[in-house]
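J.: Listed below, chain by chain, are the residues.
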Amino acid sequence: DTAVSQTPKYLVTQMGNDKSIKCEQNLGHDTMYWYKQDSKKFLKIMFSYNNKELIINETVPNRFSPKSPDKAHLNLHINSLELGDSAVYFCASSQGLAGAEETQYFGPGTRLLVL
Amino acid sequence: AQTVTQSQPEMSVQEAETVTLSCTYDTSESDYYLFWYKQPPSRQMILVIRQEAYKQQNATENRFSVNFQKAAKSFSLKISDSQLGDAAMYFCAYGGNAGNMLTFGGGTRLMVKP
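So the sequence lines, in the order shown, correspond to chains A and B. As numbered in the working numbering, the first sequence has no gaps in its residue numbers, which increase by one up to the final residue, 115. As numbered in the working numbering, the second sequence has no gaps in its residue numbers, which increase by one up to the final residue, 114.
Hints are supplied without guarantee of correctness; some may be wrong.
Unchecked claim - Heads up, simulated DSBU-like pairs for lysine-lysine below, C-alpha to C-alpha not over 35 Å straight-line:
hint	chain 1	residue 1	chain 2	residue 2
1	A	LYS71	B	LYS113
2	B	LYS78	A	LYS9
3	A	LYS22	A	LYS67
4	B	LYS78	A	LYS19
5	B	LYS113	A	LYS40
To be verified - Chain A residues, not near chain B, derived (Cβ > 12 Å throughout):
hint	residue
6	THR7
7	LYS9
8	SER20
9	GLN37
10	ILE56
11	GLU58
12	ARG63
13	ALA72
14	LEU83
15	ALA92
16	SER94
17	GLU102
These are calculated hints, taken from the structure and not from any lab test. Note that beta-carbon positions come from the ideal geometry of N, C-alpha and C, so glycine has one too.
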């Protein structure tokens, strides 16, 4: 059973389009995250949600909007896609909000390519 | 802000040998956590080992162990008896008290030669 799953695994789209990446965790965790990994493999936090509430919102363009319909899901919607959005996006989850004490479990990643 | 530095973009090791991956970090916090994640070609991020800063004892997980030097802000990963399946990108990560986000280093690509 996959603990943290993401769909789709690959996403190829044109500039200007709007797309969504879905994330689901079946671990019963309260906190979920989105990270972006650029072409140089650098990983950076984008958002963190705890019990459907936004906790961390790093410097990310407002074209990126996370949506958490329930605590098991955290979807990432991206408007007006740009070339620079091409990256691998990772969803992760952890049990609670006790800082980094809680180990984060990552999904398999979604490779987004904007043409 | 915390920073994490991995000074070795690539490392290689002979199968069955031992290799050490370096990681240094910068922080003003006294309580924090450090992690090593493995990213194989499948792209999955897999937790290898974690260390609590308040613990003096170095964490170990089977063939994986760390050398945690708090004063030097150093957190290296030692892989013993390297196996072909250990070939991957390895990321060092810092987790502090400012929220629950992880700050990652730039990664080290480990190649294992048969």
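J.: For this structure, which hints from the list above don't hold up?
T.: 1, 4, 7, 9, 10, 11, 15, 16 and 17
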